[in-house]
Structures are given as C-alpha cells and as structure tokens.
Amino acid sequence: MNPITPILHGMKITFEHLFKKPVTLQYPDERPKVAQRFRGLHGLKVSHNKAKCVACYLCPTVCPAKCIRVEAGEDANHDKYASVYEIDMLRCIFCGYCVEACPVDALKMTGEFELANYKRSDFVYSKERLLEK
Amino acid sequence: MVNLTIDDKQVSAPKDSTIYDAAKLNGIKIPILCHDKKLKPFGACRMCLVEVEQMKGRQIPACTTPITEGMIIRTDTPDIIKARKLVLELLLLNHPLDCPVCDKGGDCDLQNLTYDYQVNSNRFVDSKFQHEIDYNNPLIERDMNRCVLCGKCVRICDEIVGFGALTFIDRGIETKIGCEFEKGLNCEFCGSCVSVCPVGSLLARPFKFKSRFWALNKQNSVCGYCGTGCNLTLGVKDNKVLTTIYDENQGFHKGQLCVRGRFGYQFISSDKRLTKPMVRKNGVLTESTWDEALEVVAGRLKGGTDVAALATARLTNEEFTLFKKLLEKAGTKNFDHSAGYAHAALTDGFARSFGTSASPASILDVQKSDLLLVIKTDTYETHPVVGFEINMAVKNKGVKLTVLSDKRGKLSKLPNAKTLVHTPGSEIVILNALAKAILDAKLTDGSASIIPGLPELELSLAAYGADAVYSQCGISAADINKLASEYAAAEKALIIFPVGQAYSGHTAELATAAANLALLTGKYGKEGCGVLCLSEKNNSQGAVDMGFYAQNGSMNALQILDACTSGTVKTLFIAGENPLNSYPDKDKVKSALNAVDFLVVSELFMTETAAMADVVLPVCSFAEKEGTFTSADRRVQYVKPAVRKGIQTKTDYEVFSDLICCLGGQIPPSTAAQFDEIAGRVPGYQGLSHASLRINSAFAPVSITPAFVVPKVPAPVTTGQGMLAMVTGSALYHSGTLSQFGEGSMYVCPEAYVELSRTDAAALKIADNDLVNVSSNAGKLQLKAKVTARMPSGVVFVPYHFSAAPVNTIWNGAAVTPVSLSK
Ligand code: SF4
Ligand code: SF4
Ligand code: SF4
Ligand code: SF4
Ligand code: SF4
Ligand code: FES
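First to last, the sequence lines map onto chains A and B. The opening position of the first sequence corresponds to residue 58 in our numbering, with each subsequent residue numbered one higher. The opening position of the second sequence corresponds to residue 544 in our numbering, with each subsequent residue numbered one higher.
Keep in mind that a hint or two might mislead.
[Claimed, not checked] DSS-like mimics (lysine-lysine), calculated; alpha carbons at most 30 Å apart, straight line:
1. B:K819 / B:K845
2. A:K102 / B:K845
3. B:K753 / A:K109
4. A:K107 / B:K780
5. B:K1069 / B:K819
6. A:K109 / B:K780
7. B:K780 / A:K184
8. B:K761 / B:K845
9. B:K753 / A:K165
10. A:K90 / A:K184
11. A:K165 / B:K647
12. B:K647 / A:K123
13. A:K184 / B:K783
14. B:K961 / B:K1069
15. B:K824 / B:K1133
16. B:K938 / B:K581
17. A:K190 / B:K753
18. B:K567 / B:K581
19. B:K819 / B:K1113
20. A:K107 / B:K753
21. B:K845 / B:K1133
22. B:K671 / A:K102
23. A:K123 / B:K783
24. B:K671 / A:K109
25. B:K1183 / B:K868
26. A:K90 / A:K109
27. A:K123 / B:K751
28. B:K751 / B:K797
None of these hints come from the bench; they were simulated from the model.
Modelling step: build the complete structure from the supplied sequences, incorporating the hints.
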C-alpha cells in the first residue's frame, strides 16, 4: 500500500472533526448533564423538618462495603431517629443497595459527583452533610 | 413409645408427647407462636394447626394435642398452609407493623412467620391498635399494640417466676396484657416475660435502640453474680456488652435469669471502670504504669511474713490457685475470702459433718425431691433462679415446702407452703429440736446407728425438747413435731440454706445442725436428698475447693484485719474484695486499712476500699477473662472472654503471674495448664479440662464421710425494751457490692432501706418512705423505711450492698443486732 494513503486518511478524519460538535467538556467551566438515575453522593431525605431516616439499621446491614455507621437515639416522643448517620465515601462503591434497602424511602443518591477533598477524614460524611438541602 | 406417622414418615415418640413434641423430636418443623417448652400447653394462636386423619382430617393444634398410637398426621397440606396464612393475616390486621423501629425486628417470630408464609397483603381492613405505651418503666417497655396475645409472659411470670405481675385485661378485640388496675409494672424485673415474648411487645428498655439483634455478637458465658451459676449469652457490639440474650436451651435453668443476670450486666462495659494502674505519690493516687506499680507491689511482697491477702469470691479457680502460689512464694499463709465466715458452713460445718467442704446435693435435686425444708425465705432473694426451681417443684411436682424463717417472703406465698416464723437467731435451736423430735419418735434411719457420734449427739440434745425450746424460738411443739415426722417420713427430702457475708448467723454450726437431720434420717447421697448450702458469689464454692481460706492455724479474714490494726500485718493485698462496705464493723475495718503500712487493691472500680490503697491495679471482669467458676452445687463451668479487655488492664491471673516473675519465680503456665494441675489435685475435679468444659460443664462429684457433730448453739439475743431485732441480708436486685455498678439493679433498687412490720410502724408512727434513724451500739444510720406485711413485729431487715448507706456502720457481724428506730 502507498505509505501516504493512511496518513491522508488520518488527516481526513482530523479535518472532519474540526466541523463536529466537541465531545470533551470544558470542566469545570462546563458542567456535565447528570442522568437522573446516576448514583452519586447520598442524600438523606427530609420531611416535616427532620430526616426521614428512622435508624432501622437496614442500610448498614446491606452495605457490601460496610461503610455506613448508624446509631439510633430516642427523641422526646420516644421515637427512633438516627443520632449518628455517617457514610465513608472512600469505601462506598456506589452500588445503591442502601437506597434499595431503606423501608421508609429516606435515602437517595444525588447527582453530586465532585467528592474530592484534602483529608481522608473529610470523606466521612456526617448526617448534617448528607441531609438534603 | 408411641408409633405414629407424620408426613408419611414412620416415627415414634414418648407417650406423654404432644404432636408438636413428636414432630420436633423427629426433625419435622411445625410453626409455633404461643408454645414454649418450659410452659404448660396453652393453644392460643393456632399457628401449629395440623391435620389428623383419624379425626376426619380436622385441623387441630399440634402443641396441645397428645399423640396416640397409629395417628396419621399431615403438617403441610395446602389447606393447612391456607389456614396458617389466615391466622397471620388476622394477627397482622391490627398490628402496627413498625418493624423498622421495633427492637424485635430480626428476632421476631411474627416477622419470621410472615416472611416464611409470604403474607404480603391482607384481605381484611381494620384500624390499628391504639393502646398506650408504657415508656416509664426503667427496665421493661410495654407496647401492647404489638401483642399477639400468646400469653407467654403471663404464664411464665406465673408458672416459673411465681410472681403473677401480668394478666389478660378486658375481653374480645379489646384484650390486652396488663398489670393490676392497669398500673405500671412493679415486679421482680427478672425479664422472663421479655425473653419469651415472641414479638416486640415487651422489650428491655436499657437496650432500647442500641443495636439490631443480627448485629450482636453472641457470647456464651456464666453469670458473674451469685452462686447459682446460671449460663447466659452476652450480646456484644463494638467490644461493648449491650444486653443479655435469651437462649432457651442454656443451662439447667433453660435460659431463665434473675434481674441481676438479665439487667445487671452494665458493670462490664461501664465507663466508671478503672483503666490505668495507680500509685499513691505524696498522698494522692496518681496514674502510673504497670511496670512501676508491679515493681512497688513486688518490693513489698518480697520476704513477706507480714503480708496477708483477702480475695473476692469472684476470681476464677485458676486465679485463686495462682494467688495462693504467689502468696506462698512471698512467704505467707494468711489469706482468706468472704469475710472469713461466709464460707464456714462449707469449710467447717460440712467438712466435719460430711467430710467434704461441698454440698452433698445439687440444684437439680430441688425438683426431684418430695419435701423441701428451706432455711430463710431469703433463699429466694440470694439465689433467685434456685427460687424458680423451688416454685416449679411446689407448683408442678407437688413437692411439699416448709420454710423456717425469721420473716415471711416470696416462698411463703407458694401453694401449701408452710412458713414457721421464728425468733431471729434461733435457727440452730429449732434444727436441734427437730433432731431431738426425730430421735424421740424413733424416726431415725437404720444407717444412722453406724455413723460415729450418735450417742454424743443424743446426749447433747437433751435440753432441746420441742416444748422446752418454744420460749427461745417461738415455734410451737406441735409444729416442730409435725415437721420432724414429715421430714423423716418423706421418701426424699432436701434442706436448703443460703450463706453469705450478710448472713453471719448461717454458720458452721447451722450447717452441722442441718446435716444432723439428714444423717439421722438417711436423707443424703440419694437423688432429691441432701443439704444444699447456697454459697453467695459466683465462685464461692471454687474458692473453697481451691483452698483459698484460713487453714491450719493461719489467720482468717477478720483476724487479718485485726492484725493490720495491731501492726503484725504490714502489707495487705486485697483482690476485688470491698471490706469497707461488706465486712462487719466499718470503723474497725477502716482503722485496719488505715493502720496497715501498704495496701494494694486490684479492682474493677474505684471502690471505697480501693480509694484507701497505696497501689490500685485495674483488673478484669468475668466477661474479659478465661477460666472456670464452680457454682454452689459444684458445677464447674468454663468462661471465655466475651469482650477484649482494656489496653491498660490485666486479668488477675496476669497480675499474679507478673508478680510471681517479679519475685523471681518461674513464669506460671497458661490458665488451661493451671486447671489441669487443679484437676489432678482437687477431689472431684479429676478428668476435667478446659477442653471438655468448653463443650459441657460438669459436676465435681462429692464423696461423703458422715459424722454426727454436736452444734454449738449461740446464746440467744435479747433485745431490750423498746428495741427491735435487726437482721441483715441480701436484696433481690443485688449481689454483693458489685451490683451497684449494674445499672439495671440500681434502677429498681437504688438505695438501702429498713424493712419493718406494720405494727412496729404504727407504734413508731413511721410511714413508708419516711427517713428513719436506725441506731445500734455500733452507730447510727439513716435509712428509708419500707413497711411490709411480711415482717413479724419486733424484727427489722436491712440489706447490705450499698456504699451510700453501709449497714456495717450499725452492724458488727452479729446474726441479730438490737436497734432502735426513730424519725
Ligand atoms: S451505595 Fe452501596 S457501598 Fe455505598 S453506602 Fe450504599 S450500600 Fe454501601
Ligand atoms: S413485633 Fe415483629 S412484626 Fe411487629 S413490628 Fe416488631 S418486628 Fe415487626
Ligand atoms: S419481669 Fe419477671 S416478675 Fe416482672 S412481669 Fe416479667 S416475668 Fe413477671
Ligand atoms: S406481651 Fe408478648 S408474651 Fe405477652 S401475650 Fe403479648 S405477645 Fe405474648
Ligand atoms: S445472679 Fe445468680 S440467679 Fe441471677 S442470673 Fe446470675 S447466677 Fe443466676
Ligand atoms: S403454638 Fe399451638 S396454638 Fe399456638
């Protein structure tokens, strides 16, 4: 084969792309469109001004990465609530089992994917950080 | 055996079985909800329906139907499944279904059955129950909305516990479980109802929301409180003991526990536990290192003819043996436990009468006997699970019960129980009178004549005619003669009495007097017979078996304290004992501990005794160590660590090992090897090893060499004009001084009290809960009054246990102390 042909072929492809819409994103100036069912950072749903979570311990039980820590407390009405709810994002594998297991639909996974941080301890998300804003 | 067919399988079962038992025996599973093997058949829930061909295929409950020869039974036809589903649907109809917040989730029979039978929907509609939930009780939360009315709680509290706190209230759909007049629960808090409740209606409040059942690490252990030696399962999470778990197959008691075992576990993972060794520097106890602390202690022990030691009866057998070796290495023979007298019934009384320092009877004999003679109703309080056995013997087996006591109590309330209330302190007189009555009426057994000492005994009893003792003990001659003839006539009879630091009247003499009765009538060495001495703490019997007490002229506990005061003992090693609170005469103990040059205390907590020490060593509870405990009836049981010990704590075994090394001895062997050595030496322990005990506990058999011994009778106590007779003892909710750190016990019995009769209360114008001053020769103490119907007039009862109001400020060890009460 003529050695020039593949080069010309390559140039053609390159040239064509000059007129196509770019696939790369100019992140962070440009933001990706996150799909609805994307499994990003968890969120604790709120209803009647408090977290819906009743600290039933099903999510820590089902979690394959064992990265959820829940401690239950008793509130003034003797109801159960999560006095501690923590997820260690460094260990989470974003499988979504926790969301599936929750019997009261208190947990969701958001589109939030920017989880980089400076310290390991910052990856342990406390209840306050997880509460849906 | 009866032959029958279950699900096409030819099986056989004992003839008193129900269909459920027969199926279970042959590995066929029938679902149950209201049935419990410990309780009488009830048949409330209809989960266990089966079809019996001979009954034209009618559906009948398996748990209440006895088997008959040739029965053909089907347990899983589509019709039965349908019927069971209907039962579940109806149960779930008004049920709150709040499993996510219900502590029973994961361990709930209703939940499991619903899952097994896939009851996903309900054909019926009705509103949920709206019963009020009892959140106020510190130990038991009652949520009747979740109740399936299986009646197990009602039945266990009645049939086994014998308290009867719970009952069905109202009828029809309104039916619920409640207490009298729908008041709060105020009972023994043994937690039996909680343990058998198949759903989340009755829950342990101290454990509320702490963890899920499946997340708990279940660790088998042996209760660390009393000598009954109940087995228990600790629920552990994150190295913390969070609860006790019911296991119906555990121990002779089938998982039954008392309030201390069930709810008093908090001391194990308490944050008040000592975590670091402490050494007194410039007068203050300062945190230190093990190296420093052990060096200081070893320096004092070296060449220690002036060394003495006191130990708690809660150490393991291995620790007692090693402690003894350490002390012998240091050069002293002066060591003792349990105030020196609480073990005398065994080490002196039984040693003389039976030739062995152990009881010639076991707790299993209680239900096999025909007649029980219990000395002091307090037996129920000191050893509650033995009390359950007595309940069951009386109620289910028709065993006759006579109680000799200075007050009435729980045992007096059992059906047909006879309580002979005597003048405090006259137990031995009565036992002697009984012996005399047996001799006079010629009711002795043939075997008695060959036992040495009979003529001397007969002679010594001359003054104990039933009429003659009336003035001393207040029991009529007729009662004494009747009891004597009943006891002698019974085929099997068992005498039971507790001992302990608060029962200073239960001496060696009492033990010999009781033993004489058994020997005279040949009621020993046979099933259901004998004399059972219930030693106080979880390893009191072990301490005796290991020989950790004053022998051959060495000093006993009280002499050791005297020697501290006089200066002959300069170094005192106290392992876990809290004499300042639990030995008689607080002032005397205090001056002894002040006087002694050097005091080292190994403890779990900063007790008042530890606070006086020069060195405090933080050691481990029963749940953090390996070893063996010997129960009051010589069951040798193995314990293994259920939780890791604190980083800076050591087991007593390690402490003694390290000290032996510091003194230049060889490194002692492992606990298992130490036990092998014990097994080779201690009579009855032959053939036992950690490996075998790990699988099954074992009785160390007792061999008896009988002898009649003349008991020395203490002089009767005369309480002067206007004075009352104070007797000391144990409260149901407590054991020793350790239970003060078990929150469960403290919730329901937080402080000491003085219990007095209604007549005395009326005469002194004292009402319940009044603060009264109790004064004796020794001192004065302010206590809350508890006016009860069980106390005879002229007698008051004060429990020990409590540091905040230690009874030893007014009690110097006498069985009966004259006191006066004033507001
Ligand atoms: S997404 Fe998966 S790994 Fe992450 S917390 Fe949930 S269950 Fe655990
Ligand atoms: S009792 Fe059982 S079924 Fe009922 S809410 Fe609790 S766990 Fe669920
Ligand atoms: S705790 Fe014991 S005494 Fe109290 S109600 Fe339950 S079973 Fe009865
Ligand atoms: S409270 Fe529990 S044990 Fe008692 S009847 Fe109801 S379900 Fe049965
Ligand atoms: S304190 Fe005694 S009776 Fe109660 S559970 Fe423990 S060993 Fe059993
Ligand atoms: S288990 Fe048989 S009727 Fe309830």
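Tested hints:
1. B:K819 / B:K845: holds (24 Å)
2. A:K102 / B:K845: violated (68 Å)
3. B:K753 / A:K109: OK: B:K753 and A:K109 at ~19 Å, within 30 Å.
4. A:K107 / B:K780: holds (28 Å)
5. B:K1069 / B:K819: Given pair B:K1069, B:K819 is violated - Cα atoms ~51 Å apart, limit 30 Å.
6. A:K109 / B:K780: Roughly 25 Å separates the two Cα atoms, so the pair holds.
7. B:K780 / A:K184: holds (22 Å)
8. B:K761 / B:K845: Violated, at about 43 Å.
9. B:K753 / A:K165: holds (25 Å)
10. A:K90 / A:K184: holds (27 Å)
11. A:K165 / B:K647: holds (26 Å)
12. B:K647 / A:K123: holds (23 Å)
13. A:K184 / B:K783: holds (24 Å)
14. B:K961 / B:K1069: holds (25 Å)
15. B:K824 / B:K1133: holds (21 Å)
16. B:K938 / B:K581: holds (13 Å)
17. A:K190 / B:K753: holds (29 Å)
18. B:K567 / B:K581: holds (15 Å)
19. B:K819 / B:K1113: Within the cut-off at roughly 25 Å; holds.
20. A:K107 / B:K753: Distance ~21 Å between A:K107 and B:K753 Cα, so the pair holds.
21. B:K845 / B:K1133: holds (25 Å)
22. B:K671 / A:K102: With a Cα-Cα distance of about 27 Å, the restraint between B:K671 and A:K102 holds, given a limit of 30 Å.
23. A:K123 / B:K783: holds (19 Å)
24. B:K671 / A:K109: Given pair B:K671, A:K109 holds - Cα atoms ~22 Å apart, limit 30 Å.
25. B:K1183 / B:K868: Answer holds: B:K1183 to B:K868 is near 23 Å, not above 30 Å.
26. A:K90 / A:K109: Status holds; Cα separation ~28 Å.
27. A:K123 / B:K751: Distance ~23 Å between A:K123 and B:K751 Cα, so the pair holds.
28. B:K751 / B:K797: holds (24 Å)
Violated hints, listed in ascending order, are 2, 5 and 8; each of the other numbered hints is respected by the structure.
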